[in-house]
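> In order, the protein sequence lines correspond to chains A and B.
For the first sequence, position 6 (counting from the first letter as 1) is numbered 6 according to the numbering used here, and the numbering increases by one without interruption.
Residues are numbered in the numbering used here as their position in the second sequence, beginning at 1, plus a constant of 117.
Where hints are given, some of them may not hold.
What the hints assert, rightly or not - Partner residues aside, some chain B positions facing chain A, computed with beta carbon under 10 angstroms:
1. Gln123
2. Ser145
3. Met146
4. Tyr153
5. Ile170
6. Asp176
7. Gly177
8. Phe206
9. Lys215
10. Leu216
11. Phe218
12. Gly219
13. Pro228
Unchecked claim - Restraint-style ranges between C-beta atoms, simulated for each label pair:
14. B/Ile212 x A/Lys55: 17 to 25 angstroms
15. B/Arg178 x A/Asn51: 14 to 22 angstroms
16. B/Asp172 x A/Lys55: 37 to 45 angstroms
17. B/Gln119 x A/Val3: 27 to 35 angstroms
18. B/Lys171 x A/Pro86: 41 to 49 angstroms
19. B/Gly200 x A/Gly53: 37 to 45 angstroms
20. A/Lys14 x B/His189: 44 to 52 angstroms
21. B/Pro228 x A/Thr57: 44 to 52 angstroms
22. A/Ser18 x B/Asp172: 20 to 28 angstroms
23. B/Pro228 x A/Asn51: 25 to 33 angstroms
Just so you know, these hints were derived from the structure itself, not from any lab.
Beta carbons are placed, not taken as given, at the ideal position from N, Cα and C, and that holds for glycine.
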Amino acid sequence: GAVVSQHPSWVICKSGTSVKIECRSLDFQATTMFWYRQFPKQSLMLMATSNEGSKATYEQGVEKDKFLINHASLTLSTLTVTSAHPEDSSFYICSARGVAGATDTQYFGPGTRLTVL
Amino acid sequence: DQQVKQNSPSLSVQEGRISILNCDYTNSMFDYFLWYKKYPAEGPTFLISISSIKDKNEDGRFTVFLNKSAKHLSLHIVPSQPGDSAVYFCAASPIGDKLIFGTGTRLQVFP
């Protein structure tokens, strides 16, 4: 099956620092990757959609200068939380969707727990 | 405006019996529907999907039913096992577009 990895699985950082989260599709090429955020006992909230080689499309209310997304290759997307603050503490999950003509299913990574002190 | 709704936040089922999880949607442009299973502190795991041209899709113990006229889909798990205990999310999208998730239903399967 399609496997998506995320690194790191958890991170604790001080307020004001930046944190980078990597999302990789391990056994398929992902033309599109998605970044979600989940608060406790809530549904997944889509933050942004990124296509390889182009700028990410952010959902309404998501600050693009704060959450930098880079989709440099068909197997790697990164999310950088810049100048993190305690309110950015959350569970961040990426997903990847295969190339056109293949499945439309999104496959999710295991998530990254970010705690900002 | 919640386009995908899971009205039951929780469901408790005895092992061996059928679990039925329900999902309603409002957007008639949705063409593709999926169910995901999620454990705490993990990413969702894809279970099963169905496109709007079908009304049923089956994979092992999991069957998804789609009623387009009612804008309703359901996931049946038969027989239910304790390992099925998790939060189940339904999701919908126009094909090729972003997924819209429901709020999830917590399933507990007890012995």
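> Look at each hint and say if it fits the structure.
Quick rundown of the hints versus the structure:
no. : hint                                   : result
1   : Gln123                                 : holds (9 angstroms)
2   : Ser145                                 : violated (18 angstroms)
3   : Met146                                 : violated (14 angstroms)
4   : Tyr153                                 : holds (7 angstroms)
5   : Ile170                                 : violated (13 angstroms)
6   : Asp176                                 : violated (12 angstroms)
7   : Gly177                                 : violated (14 angstroms)
8   : Phe206                                 : holds (7 angstroms)
9   : Lys215                                 : holds (6 angstroms)
10  : Leu216                                 : holds (6 angstroms)
11  : Phe218                                 : holds (5 angstroms)
12  : Gly219                                 : holds (7 angstroms)
13  : Pro228                                 : violated (26 angstroms)
14  : B/Ile212 x A/Lys55: 17 to 25 angstroms : holds (23 angstroms)
15  : B/Arg178 x A/Asn51: 14 to 22 angstroms : violated (36 angstroms)
16  : B/Asp172 x A/Lys55: 37 to 45 angstroms : holds (39 angstroms)
17  : B/Gln119 x A/Val3: 27 to 35 angstroms  : holds (31 angstroms)
18  : B/Lys171 x A/Pro86: 41 to 49 angstroms : holds (46 angstroms)
19  : B/Gly200 x A/Gly53: 37 to 45 angstroms : holds (40 angstroms)
20  : A/Lys14 x B/His189: 44 to 52 angstroms : holds (48 angstroms)
21  : B/Pro228 x A/Thr57: 44 to 52 angstroms : holds (47 angstroms)
22  : A/Ser18 x B/Asp172: 20 to 28 angstroms : violated (48 angstroms)
23  : B/Pro228 x A/Asn51: 25 to 33 angstroms : violated (47 angstroms)
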